[in-house]
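J.: Let the sequences and hints guide you as you build the complete structure.
For the protein sequence lines, the chains are A and B, in the order given. Quick note on numbering: the working numbering labels position 513 of the first sequence as 513, and the sequence is numbered without any gaps. Quick note on numbering: the working numbering labels position 68 of the second sequence as 68, and the sequence is numbered without any gaps.
If you're looking for bench data, these hints aren't it; they were derived computationally from the structure. A portion of the hints provided could be inaccurate.
[Stated by the list, open to error] Below, a list of computed lysine-lysine pairs in the DSS-like style, where the Cα atoms sit at most 27 Å apart: (1) K364(B) x K345(A); (2) K364(B) x K496(B); (3) K78(A) x K345(A); (4) K368(B) x K46(A); (5) K345(B) x K345(A); (6) K78(B) x K496(B); (7) K38(B) x K364(A); (8) K345(B) x K550(A); (9) K544(A) x K496(B); (10) K496(A) x K448(A).
[To be verified] Facing chain A, according to a computed beta carbon distance under 8 Å, are these residues of chain B, among others: (11) L399; (12) G400; (13) Y432; (14) K544; (15) L546.
Predicted model only: the values in this text are computed from it and were never measured. Where a beta carbon is used, it is the ideal one built from N, C-alpha and C, also for glycine.
Number of protein chains: 2
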Amino acid sequence: MKCSLGIDYGTNSVRALVVRCDNGEELGSFVAGYPSGKDGVLIDPKDHHLARQHPPDYLVGLELCVKGALAAAAKKNKAFTPATIIGLGVDTTGSSPIPVDSANRALASLPKWKKNPAAQCWLWRDHTSWQEAARITELAAKHRPEYIAKCGNTYSSEWFWSKIWHCLKTAPDVFQAAYSWVEMCDWIPSVLCGIEDPKQIKRGICAAGHKALYCDEWGGLPDKKFLSLLSPKLAELRDRLYDKAHDANTAAGTLSSTWGKKLGLPAGIPVAIGEMDVHYGAIGSGVREGTLVKVIGTSTCDCAVVPATKKVKDIPGICGIVKGAILPGFYGVEAGQSAVGDIFKWWIESVCEGDAALYASLAKEAAKLQPGGSGLLALDWNNGNRTVLVDPMLSGLLLGTTLHTTKAEIYRALIEATAFGARAIIERIEEYGVPVKRIVCAGGIAEKNPLLMQIYADVTGRTMLVAGSSQACALGAAVSAAVLAGVFKDFPAAQKAMTSLKDIEYKPRAAARKTYNRLYALYKTLHDAFGGVNRQADLSGVMKELLTIKSHSQK
Amino acid sequence: MKCSLGIDYGTNSVRALVVRCDNGEELGSFVAGYPSGKDGVLIDPKDHHLARQHPPDYLVGLELCVKGALAAAAKKNKAFTPATIIGLGVDTTGSSPIPVDSANRALASLPKWKKNPAAQCWLWRDHTSWQEAARITELAAKHRPEYIAKCGNTYSSEWFWSKIWHCLKTAPDVFQAAYSWVEMCDWIPSVLCGIEDPKQIKRGICAAGHKALYCDEWGGLPDKKFLSLLSPKLAELRDRLYDKAHDANTAAGTLSSTWGKKLGLPAGIPVAIGEMDVHYGAIGSGVREGTLVKVIGTSTCDCAVVPATKKVKDIPGICGIVKGAILPGFYGVEAGQSAVGDIFKWWIESVCEGDAALYASLAKEAAKLQPGGSGLLALDWNNGNRTVLVDPMLSGLLLGTTLHTTKAEIYRALIEATAFGARAIIERIEEYGVPVKRIVCAGGIAEKNPLLMQIYADVTGRTMLVAGSSQACALGAAVSAAVLAGVFKDFPAAQKAMTSLKDIEYKPRAAARKTYNRLYALYKTLHDAFGGVNRQADLSGVMKELLTIKSHSQK
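T.: Right, here's the structure in full:
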């Protein structure tokens, strides 16, 4: 028996998963939280843009979850021992850069910087650098349009350079103390491999791609002349970063004996290159040409692949088209919605102060409602819009409330808003020649929220499939490790053996589809008006059309 | 000692008030609910436009509240006896027309019609006839523009003809059975005076005015030719309505011996002409030239008066400019917001499922927030927009939500939305030459919600005064009765003796005013875009401007 280990760092916890290579059976998994902050995230009540994490938490969680998963696997299958693990892979959130010293230690692990917010990991959903992002977009549009053509012509505040520049501006002492900056998905493998020089870290193309503006075509990272336009100090930093990023055909290294001992794993096994969670999630969900994988969780990430032999157009508003970012030999196309589960959590837990029972009762009530029956329409922008507007400075909107609007109606409207956002993404990538013939959804929401899945099918007019594994990201990381360890000849072969689909399919219903087409037209009207696409918007009919749809739906 | 009795029919209950004529001292009052429906209102969960009341409930409530008030007065002042009551006045909601038979009995009091929704009183806030209202507006614009010039060029679904026409269309049996239709404010006095022929009822100019399109200039009610354009049956109905409507210098009649006995009052005392609640509320709050009275409750009504000797322009979007509608000898100018307290009630009681404790805690939290500090902006249209858009087919909007938005922030945004709506009304009437030099607020919210009052002062830039009586509407009805009974030579003399102001004043604060000016500009942008005033709206900056204001407010 050969097994592979996948480690998946989510926003609120880290999970380890032991998988059999021959049939994908999941022998054991374990989840560990992060000790610091609120649900593992350091926040600032005065600035909702701020979201950081304490890097030492990652190592605490790592030990706990790996040991837990190994113990669970041993319990499930007597033949399992840690010696059967042939390799391990890591995925994390991103772009989540971490400032490190010249020994590859996270600054926040040093007493001096421990509590400094700027010395922590800058979590993907940190939007404090929105001004820097806008300026990078401006400068690139003027001087290096090719840099941002591959990320929807807009550089994001969620990404590498915005965050580091913001640190330089607002916490120059931290910037000065940082020898280098490492994406979380590169840093964890580098720690596991015992790499003590940031220049020696094998960086993944996945995070480097559009997020750090890396591309082989222009010689790697942005050139120093361009970076000097931001700040000469960023140009200097370039020398302490990296020249070459790698796809998943390259290993991050091999497991160090120190970490082998800590985790109870064989030292020397290969550690796969780090990728971002959804990229490995796409692999774990069976991504291939023509398949769109949607990982639906706190936010949603959409991934598709196009053979590197084909020409891929730049797609406006699509945040990443990067060769090798997901599967070696393919362009990875990445899009996403900045908040999905987070919006429901906000509504149900924060505003309505509810618990699991309220989730259940609202789901039940909302399921009884007809499409259009509430007269409500929402925009899913509570955390900005990642695709297709690429604008974190947008916010949520709820329209059509009366004196009778219920919290269940609002819950359903919020689900529908995320479905409309999902449809906008599908339409955009198809418009630019990336076919979507099959949609596979993964993530907790895909499994646990049949109402949402049916609404997504009705709104998009597509059948929604569900990934077989509940831990698609960790599974994808394990698949990558299995390929790297030579168990399979390539990724498709490994995916065939190790990944699957659940039995359930959500199919679009014709009547609902018809109503949602009308609502989607209104959503697009609001989307374009508030998103700045249409600056001469006629909104005079929106509320009336909603009432008309409502009155029809009740007949 | 001479006393006067005011009876105030609100949306959810009826109140009687005994007042001393010499000094306005309130000797006793009593409130009675209506037995039927939800909080006294018959509703239809399938049609949020429907709101009816069961007229026999009014008479049940009448006995209870009058007897209660007399008992309270006797307890408070030993010199008081019912014999000291020199007259009584009635105010009610409106336009709330009631179908009656030829003996002036409400149809709903007859077994056959008791449960028929169309045979009930069509409460002011019933909007089922929005299509009829739109058609009346269209027909009047084409054939009788003068009819609607005095009500903002838009006829409302809240008014007399829309409702009766809707009854004719949707419940022709009820229309056929109704000999006549009587406004609630005319019907209650007619019952008290024992009038058994609808043609003999003294109708008040207040309700007849713009609501029934009555004007002496064009010979009373709309001519039969115009009504025939709606339906020949409405033209026929005109003969069974009335030719002349009266201001408060005319009595509705004298108290019948039957009702004198029932209520324990001297038969034969004068009964003042019925007016709508806010009109008598304006009198009870000391309305005079240059004063705007805001009665802030479930909805808000604004009243001002202009001497009949002056020329008053027609004001677009202002729902009523009627000579004698409030004070004899003055034009009454009436405007309003379809929902104010109702919006807070919806949010706190219905969505948040809170009680009085939640009102208190949200008020406390909301008071700590800075203007603009939440980044939220709302439209106060959960029940449509009465002034200045005169459009019931509008709905509520909340914009600027993030993943951190709290229910207290939303509560404050809803208060602010109503304040912006209030400012739009003030600006509109001043623009057309009705000066607002002094604002007096009355109603439960004016007394109990200091946060709202301060926000209104900050948003409008005006000092908010508070009427001395907590029962301004009932007090105004009592003032009218006292003038009619000859205790005072005219209304100003009676108001001087019987009305007052509370000690508290809410003054605008410069810093808050500045921020609210920026927010109001955004409110107007949304208002005009969704209200159809601007059909080429640029909304691309709205969310960003809100975030800018938010970031400034937190510094």
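J.: Checked against the structure, which of the hints given earlier come out wrong?
T.: 2, 3, 9, 13
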